[in-house]
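Peer 1: Chain order of the listed sequences is A and B. Counting in the working numbering, the first sequence runs from 1 upward without gaps. Counting in the working numbering, the second sequence runs from 1 upward without gaps.
Please note that the accuracy of each hint is not assured.
For lysine-lysine, the following PhoX-like pairs were computed, each having C-alpha atoms within a straight-line distance of at most 20 Å [as the list claims (entries may be wrong)]: (1) K41/A to K49/B; (2) K49/B to K69/B; (3) K66/A to K14/A; (4) K109/B to K41/A; (5) K49/B to K113/B; (6) K20/A to K66/A.
It is worth saying that the hints were derived from the structure and are not from the lab.
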Amino acid sequence: GAVVSQHPSWVICKSGTSVKIECRSLDFQATTMFWYRQFPKQSLMLMATSNEGSKATYEQGVEKDKFLINHASLTLSTLTVTSAHPEDSSFYICSARAGTDSYNSPLHFGNGTRLTVT
Amino acid sequence: AQSVTQLDSQVPVFEEAPVELRCNYSSSVSVYLFWYVQYPNQGLQLLLKYLSGSTLVKGINGFEAEFNKSQTSFHLRKPSVHISDTAEYFCAVRKGGSQGNLIFGKGTKLSVKP
Numbered sequence: 001g002a003v004v005s006q007h008p009s010w011v012i013c014k015s016g017t018s019v020k021i022e023c024r025s026l027d028f029q030a031t032t033m034f035w036y037r038q039f040p041k042q043s044l045m046l047m048a049t050s051n052e053g054s055k056a057t058y059e060q061g062v063e064k065d066k067f068l069i070n071h072a073s074l075t076l077s078t079l080t081v082t083s084a085h086p087e088d089s090s091f092y093i094c095s096a097r098a099g100t101d102s103y104n105s106p107l108h109f110g111n112g113t114r115l116t117v118t
Numbered sequence: 001a002q003s004v005t006q007l008d009s010q011v012p013v014f015e016e017a018p019v020e021l022r023c024n025y026s027s028s029v030s031v032y033l034f035w036y037v038q039y040p041n042q043g044l045q046l047l048l049k050y051l052s053g054s055t056l057v058k059g060i061n062g063f064e065a066e067f068n069k070s071q072t073s074f075h076l077r078k079p080s081v082h083i084s085d086t087a088e089y090f091c092a093v094r095k096g097g098s099q100g101n102l103i104f105g106k107g108t109k110l111s112v113k114p
């Protein structure tokens, strides 16, 4: 089956530093990837949609200069949390769409990245 | 606009008992509905989905769900749960007219007790 690899699975960083999270589709090409954020005991909230070779589309309220998304190839998207603060501590999950049909193409999720900012 | 409501934030149940996790959706267009399971500190695993056809959908791990258009519901059921079913369950609707991202409910924590 289709596999999405997310790395790292957990990271601890100091306030003010930047952290990069990678999302790779291992056995399929993903023209579209989604980045979600999940606070403790809450649902997943879409942060942004990234398409290969173009700028990401951010959801309302998500700072694009703080959460930098790059989708340089059909198998890799990265999320960089810049100048991280403790309130950025969360669980970040990526999802990759296999195929171009927005309705029928399945979404495959990574295992998430637990970010803790001290 | 589409939205998903999961009425129960927590559902405790004893092992081998049946369980139903409720999900209601609102949408003015045709919907594609999903149930995902999330184990602690892990991503999401697809349990089942409804795209079209039969309203009774069977998924993995013995789960099934029934799409009820008149009641705008997509409840998840399992006739006999196991300890290993303890997890968070999310109902989701696929957002149409966009890139196909999912809108999730707030989740239901299923706790199976021995």
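Peer 1: Decide, hint by hint, whether the structure agrees.
Peer 2: Going through the hints against the structure:
no., hint, result
1, K41/A to K49/B, "23 Å, violated"
2, K49/B to K69/B, "15 Å, holds"
3, K66/A to K14/A, "16 Å, holds"
4, K109/B to K41/A, "9 Å, holds"
5, K49/B to K113/B, "27 Å, violated"
6, K20/A to K66/A, "12 Å, holds"
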